[in-house]
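Turn these sequences into a full structure, and let the hints steer you where they fit.
Each chain is listed here by its residues.
Number of protein chains: 4
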Amino acid sequence: MKQTNVKPADGKLGIMIVGNGAVATTFMTGVFMTRRGLAKPIGSMTQYDKIRVGRGADKQYLHYSDIVPLAKLDDIVFGTWDVYPQNAYQAAMYAEVLKEKDINPVKDELEKVVPMKAAFDRNYAKRLDGDNVKDCKTRWDMVEQIRQDIRDFKQNNGCSRIVVIWAASTEIYVPVDETLHGTLAALEAAMKADDREHIAPSMCYAYAALTEGAPFIMGAPNTTVDIPAMWELAEKTKMPIAGKDFKTGQTLVKSGFAPIIGTRCLGLSGWFSTNILGNRDGLVLDEPANFHTKEVSKLSTLETILKPEVQPDLYTDYYHKVRINYYPPRNDNKEGWDNIDIFGWMGYPMQIKINFLCRDSILAAPLLLDLTLLSDLAARAGRYGIQRFLSFFLKSPMHDYTKGEEAVNNLYQQYTMLKNAIREMGGYEADEEID
Amino acid sequence: MKQTNVKPADGKLGIMIVGNGAVATTFMTGVFMTRRGLAKPIGSMTQYDKIRVGRGADKQYLHYSDIVPLAKLDDIVFGTWDVYPQNAYQAAMYAEVLKEKDINPVKDELEKVVPMKAAFDRNYAKRLDGDNVKDCKTRWDMVEQIRQDIRDFKQNNGCSRIVVIWAASTEIYVPVDETLHGTLAALEAAMKADDREHIAPSMCYAYAALTEGAPFIMGAPNTTVDIPAMWELAEKTKMPIAGKDFKTGQTLVKSGFAPIIGTRCLGLSGWFSTNILGNRDGLVLDEPANFHTKEVSKLSTLETILKPEVQPDLYTDYYHKVRINYYPPRNDNKEGWDNIDIFGWMGYPMQIKINFLCRDSILAAPLLLDLTLLSDLAARAGRYGIQRFLSFFLKSPMHDYTKGEEAVNNLYQQYTMLKNAIREMGGYEADEEID
Amino acid sequence: MKQTNVKPADGKLGIMIVGNGAVATTFMTGVFMTRRGLAKPIGSMTQYDKIRVGRGADKQYLHYSDIVPLAKLDDIVFGTWDVYPQNAYQAAMYAEVLKEKDINPVKDELEKVVPMKAAFDRNYAKRLDGDNVKDCKTRWDMVEQIRQDIRDFKQNNGCSRIVVIWAASTEIYVPVDETLHGTLAALEAAMKADDREHIAPSMCYAYAALTEGAPFIMGAPNTTVDIPAMWELAEKTKMPIAGKDFKTGQTLVKSGFAPIIGTRCLGLSGWFSTNILGNRDGLVLDEPANFHTKEVSKLSTLETILKPEVQPDLYTDYYHKVRINYYPPRNDNKEGWDNIDIFGWMGYPMQIKINFLCRDSILAAPLLLDLTLLSDLAARAGRYGIQRFLSFFLKSPMHDYTKGEEAVNNLYQQYTMLKNAIREMGGYEADEEID
Amino acid sequence: MKQTNVKPADGKLGIMIVGNGAVATTFMTGVFMTRRGLAKPIGSMTQYDKIRVGRGADKQYLHYSDIVPLAKLDDIVFGTWDVYPQNAYQAAMYAEVLKEKDINPVKDELEKVVPMKAAFDRNYAKRLDGDNVKDCKTRWDMVEQIRQDIRDFKQNNGCSRIVVIWAASTEIYVPVDETLHGTLAALEAAMKADDREHIAPSMCYAYAALTEGAPFIMGAPNTTVDIPAMWELAEKTKMPIAGKDFKTGQTLVKSGFAPIIGTRCLGLSGWFSTNILGNRDGLVLDEPANFHTKEVSKLSTLETILKPEVQPDLYTDYYHKVRINYYPPRNDNKEGWDNIDIFGWMGYPMQIKINFLCRDSILAAPLLLDLTLLSDLAARAGRYGIQRFLSFFLKSPMHDYTKGEEAVNNLYQQYTMLKNAIREMGGYEADEEID
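Same order as they appear, the protein sequences are chains A, B, C and D. Each residue of the first sequence is one higher than the one before, starting from 1 at the first, in my numbering. Each residue of the second sequence is one higher than the one before, starting from 1 at the first, in my numbering. Each residue of the third sequence is one higher than the one before, starting from 1 at the first, in my numbering. Each residue of the fourth sequence is one higher than the one before, starting from 1 at the first, in my numbering.
Among the hints, a few may not be true.
Said to hold, decoys possible - Not the full set, but computed from the structure, chain A residues with beta-carbon under 7 Å of chain B: (1) K40; (2) K72; (3) D74; (4) L266; (5) I362.
Unchecked claim - Computed footprint of chain D on chain B; a stretch qualifies when at least three of its residues, placed anywhere within it, have a C-beta under 8 Å from a C-beta of chain D: (6) 268-282; (7) 323-334.
For the record, the hints were derived by calculation from the structure and aren't laboratory data. Glycine residues also receive a C-beta, built at the ideal position from the N, C-alpha and C atoms.
Okay, here's the thing in structure tokens:
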């Protein structure tokens with residue numbers, strides 16, 4: 001490794017997960033099993049990807065950990081919050097994502113992960129009925145309690161650093177309100193005034209994490225990290241913030257497939273996406289208010305990849321529709337069906353249909369590993385505020401729209417951004433452009 | 001446009017097409033209709049794509065024709081060879097690719113394209129029974145007759161330049177024979193000796209074109225352009241040569257979809273591709289000897305994108321199978337069904353199924369336009385021999401394996417190569433690396 | 001033909017269609033073209049099907065018209081009502097279901113079909129904006145005007161008999177109200193009181209038709225024919241009544257596929273059905289109130305085929321969901337995607353996915369022909385009231401639930417009912433049982 | 001139960017299975033688990049189906065065992081032959097069809113099923129390499145050894161009756177040879193003359209079974225039971241014979257789906273079926289000579305359901321193609337993809353695509369149970385020779401073509417035949433007709 005300005009990854013890294021469900025337990029089980037050599041962390045960029053550094057005769061293909069100082073899997077300690085009190089072993093068994101034989105060897109480690117009481121408000125997720133919940137007088141009190149949890153966890157586990165990541169359900173849609181969410185001062189005032197309509201519990205987690213000097217990552221489509229107040233806080237605390245919504249099944253395919261169409265200058269007349277899923281995430285999304293949050297997040301993908309202003313003959317007025325359907329027989333095996341209507345030479349139509357029989361938690365787990373390790377890396381590299389280089393992992397990537405920034409959704413442009421950031425943190429030259 | 005060293009595209013460009021069937025007539029009809037403002041050449045990079053030139057503050061997004069001197073559609077003249085004597089209007093109607101209303105406005109122009117007699121050998125395509133065929137004593141005689149056709153066409157139509165492109169059927173598989181195909185001298189000797197087993201008619205077209213100072217492009221999977229003798233001839237005549245096999249349906253999807261898997265470090269256990277198609281191309285491929293040629297061409301795609309030597313945990317021993325089935329009810333509407341078996345976190349399996357209801361000729365037509373215009377450009381730019389920058393358009397791209405070169409099949413790496421070549425010919429700096 | 005008690009089909013049959021859109025014009029064009037020998041009425045049971053009559057040594061396989069006196073295609077005269085004033089030729093061209101070459105030969109006949117002003121209430125179909133609409137003071141006035149239309153049409157065209165069929169859009173859901181819809185007297189009172197909330201325009205058409213001595217058929221999922229008042233009217237006027245909702249794409253498949261599962265004693269854990277369609281029908285169904293009408297109609301299919309009370313191990317608690325999505329790129333090419341989750345030996349799960357790329361109007365047209373001809377036959381045979389034997393053609397078949405009757409949705413049981421009715425009207429013995 | 005003439009099912013029933021692989025072990029495990037109340041024999045007609053007996057007021061819906069005397073699951077004893085020596089527990093674990101937790105409870109019973117040495121000839125299945133094989137001097141000797149096995153098994157296990165069923169691999173295609181296979185005398189002569197080309201090992205099993213007074217059922221597409229000599233033997237020994245080829249995935253769907261098309265008088269222009277499968281059965285079928293046997297069996301299905309002679313406008317010249325592909329990633333999860341090209345009103349085309357993610361052994365297991373129990377029943381009922389009523393379970397049902405009989409492939413006609421036979425054996429009146 002070159003000499004870099006990134007601080008070394010000394011000591012233990014505490015990964016505190018909001019949610020102790022299918023995604024979180026699949027992630028933790030995989031890390032425990034990998035540490036014992038019993039499983040492989042397939043799908044993780046930090047563990048597998050090799051990227052080019054240098055050019056021409058000097059070029060090399062290196063793993064991330066050979067370029068920058070990443071935390072080691074052995075140095076990770078896990079903590080969770082959840083509205084259900086079951087420990088991670090019980091939750092993993094209930095989730096039925098992994099086979100028993102892939103959970104049992106690390107049963108003891110999973111059993112030790114007992115979720116802390118969740119900061120929860122049932123108005124934000126009506127379909128959840130757990131009662132392992134904090135008693136909070138106000139939203140500000142909610143923040144204080146979460147901060148105390150973080151401090152306790154850090155001390156009890158001897159962690160040198162903490163990262164907080166949201167892997168819980170989608171909350172109902174909270175539109176960004178310029179008055180209440182526009183500045184840190186306004187946000188804090190609303191929290192103190194206990195404005196429960198505009199302050200989602202997830203905002204309290206984010207606020208608490210950043211204030212305690214921990215990067216925060218939003219894995220659901222909640223607008224938590226879309227508000228300027230939170231960016232201001234990240235700047236103030238010099239902490240990374242990232243989101244939103246893990247890019248798992250259908251959007252992964254969309255952000256990878258749309259570039260095929262765009263690169264070949266084929267036209268698009270419509271894209272219809274439907275999902276069927278049956279886990280707790282699906283149950284929550286069956287509630288229209290929660291689905292709306294997800295839909296807003298999912299719809300933006302195409303618009304920034306296939307742009308009518310650049311290719312009016314090809315991408316004007318295509319019809320884009322996204323549907324999510326709760327369908328219990330699928331359980332965690334989320335299934336996507338995409339119908340893509342393209343047109344070619346002389347406007348003649350063609351169809352592409354993609355049926356993705358994926359597994360939500362299996363696709364999400366490596367994203368949690370990468371997002372937490374890379375956020376921790378960014379913090380040590382002194383990169384704070386919005387982390388655009390993590391767009392690769394996210395369905396609706398953060399960008400400062402108040403400065404006219406656009407989201408980058410094209411998977412390959414996102415990948416270039418990721419590689420460039422690793423190169424820069426490793427002391428190598430980045431490629432200047434992403435297209 | 002910057003000052004470039006490319007010669008200007010003055011005068012008429014003769015595009016001579018081997019084959020006057022569905023692909024060729026769809027191509028010609030589209031060009032005629034576009035010239036009259038009655039259709040749009042969707043899918044054509046030379047007509048639609050904009051690429052970045054310059055970097056940072058200097059960067060601009062320009063159409064190809066604003067970077068390099070491309071021939072104009074108005075300057076194109078068409079000629080064809082075919083075993084069937086029907087003119088291009090009749091052939092277009094027979095093909096049933098385009099609707100009558102999209103053919104009739106240019107009926108007069110199409111009727112003027114009457115195919116010259118084909119250089120044909122029925123042993124190479126048993127299922128074709130046309131008799132608009134040259135009477136050739138030897139393969140060398142075949143070459144001579146084609147050369148005469150090219151000279152006549154050029155003179156009669158007042159063309160300043162000619163490009164020859166193969167858009168005819170797949171021939172039976174001719175394995176590369178180092179002795180007979182290894183040097184130009186050996187090739188010429190075999191032609192003179194009338195070695196009909198090792199010299200396919202397509203080789204005579206390629207030989208004739210290059211010798212007459214015309215670039216040659218192989219649109220079928222024939223091994224014509226895979227033989228060192230032909231490269232030697234291209235070097236000697238300072239002409240571009242390109243191939244092979246137009247990248248239309250399933251392989252386009254494959255070369256664009258495999259990078260999604262690779263980029264996200266997901267594993268692959270198998271990829272099963274089946275095609276059903278019902279046009280004359282399908283009929284020819286129903287003959288095992290002809291199918292073999294196609295299969296060899298299609299199988300190589302994945303191996304260079306997902307490499308076991310780079311990611312042994314992910315890409316060792318995946319099972320790749322390609323099937324092509326003649327199924328008349330589909331006619332030109334070639335349909336692909338891909339079954340992709342991937343695995344993620346801890347090795348858990350997932351499936352992706354892609355059903356592409358494409359139209360073979362609609363996807364191929366813009367490739368003919370781009371390949372001929374860009375080959376003509378390359379010739380004027382003094383770029384001769386194998387044109388790797390045209391890999392983007394081809395299923396099994398040419399590469400000099402005798403020098404250890406590997407084919408580039410990843411659609412986005414191919415695209416970078418294409419953009420770099422345009423940039424360079426336009427006097428701009430290329431991006432150095434393709435990954 | 002045996003001697004039967006059915007009155008002969010003498011004179012002209014007037015088929016009056018509510019709606020002059022894609023379905024109606026495809027139907028009429030096909031009849032006109034068939035009469036000239038230019039097309040074939042594929043999909044029509046009355047024109048194609050042969051059924052067994054007699055048993056053992058006496059059995060014969062005969063076309064319907066060789067068993068019973070059906071009206072001839074040559075004796076049909078068409079009339080329509082529509083909110084848009086375009087004649088049937090214009091409407092057929094606009095619909096883009098049929099190719100021009102299949103419409104033009106009968107252009108003159110189609111042009112003569114100019115829709116009468118529709119009895120319409122925009123509250124029942126917000127997305128429709130035509131203004132070829134009757135000015136009606138009350139619902140009773142609406143009835144009177146439609147009756148006058150029927151009398152005028154019958155006289156002007158010299159028809160001996162009339163059938164009225166609804167091929168217009170789905171109205172918003174009107175729940176059956178026992179008080180208002182329970183008796184004919186109550187219904188008439190509500191019409192006179194101009195109760196626009198409970199009396200849909202479709203009820204006025206049905207009332208008018210029956211009163212004028214014409215069978216009425218409901219082709220949309222409107223509850224028009226589900227109300228006891230209408231049955232009472234049909235009994236009183238001794239006229240057949242049939243409905244509801246043409247069984248075209250997805251439900252046809254469902255009613256034919258579910259029996260495969262049931263017959264083999266396989267279990268069902270879930271059935272997810274999604275549709276995408278882009279014609280005017282889809283536009284109307286994009287309005288939630290109109291969709292609700294459709295959903296109620298579509299959901300009932302499975303429940304009567306796969307019965308938990310008969311096979312509790314196999315059919316208890318399966319999850320059945322139906323989605324309809326407006327998606328303009330499909331136009332009339334309605335597409336269904338069904339995901340069927342079954343289980344077999346020891347409860348092991350399997351999946352079946354059916355993707356139906358159908359054409360709504362092409363599938364509906366022969367149903368209109370069969371339903372009108374067979375309703376006319378039934379009238380002449382003295383069979384009045386609910387026509388259960390027409391269940392075969394309908395998504396949500398009529399049945400007198402007040403007498404504990406159940407709908408029959410199994411396609412093969414419906415077919416047996418159809419065959420039995422034809423046999424009986426033809427003077428043959430029916431098979432007694434449908435399973 | 002009514003008084004019937006069927007002998008009671010007293011004593012133990014020995015089910016001797018040729019093959020101890022995925023299908024056989026899934027079958028046996030399920031029976032063992034069901035006997036202990038730990039699993040349910042879903043998909044089995046004899047255990048689940050209820051059929052109507054009587055008509056009108058007298059009709060009742062009864063389980064088969066309430067109509068006829070079926071052997072009980074508790075009375076079954078299993079024996080197997082296989083080229084691999086592993087016991088049924090080991091083979092079940094190797095097959096990976098069932099989860100460990102569904103095998104382990106009956107491990108002890110499975111371990112006791114140790115396969116006898118197989119009567120095998122590697123020329124009939126090149127891809128199999130097991131060596132648990134009998135040493136046979138001639139085919140006649142092979143017969144003798146199998147007969148001895150049957151006698152020994154019967155005696156050792158105290159069975160009152162034996163049924164032999166083939167659940168082993170597909171052999172290479174043996175065309176029926178009128179001279180050698182036409183009479184029993186000729187067959188016996190060929191066996192004694194050790195004509196290994198015309199006498200497949202499966203014929204020796206069938207001969208041995210029938211001669212020992214055991215019904216024989218052919219579950220693979222081998223021509224074993226298609227030869228008149230074998231029918232003659234069945235008549236002579238008064239034993240039932242049934243076959244061939246278990247109707248599991250794609251053909252089940254085909255025989256159930258084609259009737260939908262036929263019943264609605266829709267036209268068919270083509271049906272393309274492809275399969276991917278990865279178990280030992282797939283490996284064997286990857287050998288062209290073995291595949292040919294399967295292909296012949298699968299192609300006949302449609303022809304007898306959709307008949308051009310009855311509906312020339314609808315079913316003349318449709319293109320039917322079947323492909324089977326060995327694809328190891330699927331293992332036992334055989335997957336079918338059917339593309340059905342239909343046409344409707346005025347000849348307009350539509351497509352249906354069916355993707356069946358099935359499990360071969362899960363679908364086959366209940367067929368073994370039903371076929372063995374029903375063959376045993378037939379034997380006790382004195383019904384010998386070809387058992388047409390078992391067509392329901394078979395891909396290519398037996399029929400005496402020398403008498404002009406046709407195979408019945410329509411699933412519902414087959415079901416009627418099955419029900420009629422049960423009714424008759426139970427002393428009830430059969431419905432006379434199957435359509």
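Each hint tested on the structure:
1. Interface restraint check: K40(A) against chain B, minimum CB-CB distance 6 Å, threshold 7 Å, status holds.
2. Evaluation of the K72(A) hint against chain B yields a violated restraint, the C-beta minimum of about 18 Å exceeding 7 Å.
3. Violation of the interface hint for D74(A) is found here, the shortest Cβ-Cβ separation to chain B being roughly 18 Å, above the 7 Å cut-off.
4. The criterion of a C-beta within 7 Å of any C-beta in chain B is met by L266(A), whose closest approach is roughly 5 Å, and the hint holds.
5. At its closest, the beta carbon of I362(A) sits 4 Å from a beta carbon of chain B; the interface hint therefore holds under the 7 Å criterion.
6. A count of 5 residues in the stretch 268-282 of chain B with a Cβ less than 8 Å from any Cβ of chain D is obtained; the coverage claim is therefore met, three being the minimum.
7. With a cut-off of 8 Å between beta carbons, the stretch 323-334 of chain B has 6 residues touching chain D; three or more are needed, and the interface restraint holds.
Hints 2 and 3 from the list above are not met by this structure, while the remaining hints are.
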